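As they're listed, the protein sequences go chains A and B.
Once you know that position 10 of the first sequence is 14 in the numbering used here, the rest is easy, because the numbers rise by one and skip nothing.
Once you know that position 335 of the second sequence is 1387 in the numbering used here, the rest is easy, because the numbers rise by one and skip nothing.
Rather than coming from a laboratory, the hints here were simulated on the basis of the structure.
Fair warning: this is a prediction, and the values are worked out from it, not measured in the lab.
Warning: the hint list may mix true and false statements.
Covered, in the sense of this in silico footprint (three residues per stretch, anywhere, with C-beta under 8 Å from a C-beta of chain A), are these stretches of chain B [said to hold, decoys possible]:
#, stretch
1, 1177 to 1189
2, 1235 to 1247
3, 1289 to 1303
4, 1350 to 1363
By construction, the Cβ of each residue, glycine as well, lies at the ideal position given by its N, Cα and C atoms.
Now for the letters of each chain:
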Amino acid sequence: MIPETLKTSLQARVASAITAREAAVDVMKELQAHYGWLTDEAVEEAAALLGLSPLQVEELATFYEMIYRRPVGKKVIHVCDSISCWCADCDKLIQYLKDKLGVGLGGTTADGMFTLVPCCCMGMCGDSPAMSVGGTPYGRLTPELVDEILEMERKKA
Amino acid sequence: MELPLFRHNRPNRVVTFDEYREEGGFEALEKAFSGMSPNDVQQAVLDSGLRGRGGAGFATGRKWSFVPRDLPGPRWLICNCDEMEPGTYKDRVLLEHNPYSLIEGMTLACYALGVRHAFIFIRKGYEKAAANLARGIEEAKKAGLLGEHILGSEHSIELDLHLSAGRYICGEETALINALEGKRPNPRSKPPFPAIKGLWQGPTVVNNVETLANVPAIVANGAAWFKGLALNPEGAGSKLFCVSGSVKNRACVELPIGTTLGDIIGGACGGMREGKKFKACIPGGASTQFLKPEHWNLPMDYDSVAKAGSRLGSGGIIVFDEGHCLVEATLNLINFFARESCGWCTPCREGLPYVKEILTRIENGRGEEDDITILREHVKYLNYTFCALAPGAMAPLDGLLRDFEDEVREHIEKKKCPLK
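Just chain A, with the same shape it has in the complex:
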């Protein structure tokens, strides 16, 4: 169950839209921010807010890269594996992240802090290789820099 204040602000967002479902992505993002991922309960709540069926919300939720329909760690690491990052040896970087975190792609660390997933081009091609951690973008990555970033992000969490 979402708190009354969040519900009211989401209702206002839906009311300001030209058609209710236009607000669907905003609503899913807010609910995800609340629960940590888009839970089954969140899908039903989104459906009720938007005047859609849970199935209609589901077909949106499963489409987007940044909507998580499964539990994820506190911070999701999206590491780019597109062509400009490939030129900058992202394969090695991804292997380093896997080893460092002790997870495969899609996996979450044992302490529940990080989930590692590959993503498509982040528009950071001038600063490749790149990744984002919990929404914060980082570029020109080296193993040393990755160590620093992960430690900092862990402390901030």
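Following the hints, position chain B against chain A.
Coordinates of chain B only, in the frame set by chain A:
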């Protein structure tokens, strides 16, 4: 001559509203509202020769002219800032330094098209650009340059942001329209084209960020001035080139249309990285064909790049050196497209993973002679889809087979990647 897009940029911060105004910002809007009819604005854009900067390169003024003027009901303008084409980061750089040219350009476009409500569709990850735009919209409204009764006229224009949640296909204009409506963003079958039936079935124009950001300078300085910016007689305006890969300085630069490939890589980017030799590049984002060393002096303009067998595309130049295996590079591109396919059309959904499998086999030394034939068939048949994702994916593969067939064959004959 001063180029229009980056001229307000500060080195490490966003230009302020006051600075933009002091440097002539919003003068185009004042000019249009005080003495130009909507048709005059559209005619200026048509005459300027401005072509879509998102990738397809369609003439912007012509696109606008397809919108019927006599239909009842609202019509819409959408700015496409779903910049997810691999190798492309120009719109991010532009908006992180200056949101105002886009805001002014969209207001002018709305005026020309008779649009009252426009949207900027922004990809996930571009939160900084979105924040700049949100602030810029408020500032413009406060100054009477946007919102109700712009500059005291009877024209009211509303500008809203739509923050997406990450998916390449949303950059396809009909998929983008579905996404904005809150529907699953599969592309729509065309016709009807968005200019006739787009957002909520109303006439709709979808333009790229860079395209719309050019409009103020065209209105302020005239079509002839804009045409004159280009280095080649057929060209018009400037272009943002964003370079990545094996160059010394990976930079996003604004240069006149028609600047040669060599001047971009050798000049603005400081040449190749230490000890690396230019092998090939992809000139305009992932869905364009390779250019080779013989194209070093090619003017980067739509028609000349097309004549060289590729496309100017988005201006996202990805540079490969002699140490890069182009089979593996193409495999990386195909992997991207296979993952980003929305699954709506069978050739794309089924064909791309198959191409990926074959290229993986070749790269790993398990390729067979027949594989080249099968790949060529895919280049031919993956055109039968609703949108341009699969045909776009086939462009680098087609280029690989056309220009680097020997490298592919070497993989098959030696039963390994020659560069590993």
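Here is what the structure says about each hint:
1. 1177 to 1189: n = 3 at 8 Å, threshold three: holds.
2. 1235 to 1247: Contact hint for the stretch 1235 to 1247 of chain B vs chain A: holds, 3 residues under 8 Å.
3. 1289 to 1303: holds (count 7)
4. 1350 to 1363: With 0 residues closer than 8 Å to chain A, the stretch 1350 to 1363 of chain B misses the three-residue bar; violated.
Against the hints set out earlier in the document, a violation occurs for number 4 only.
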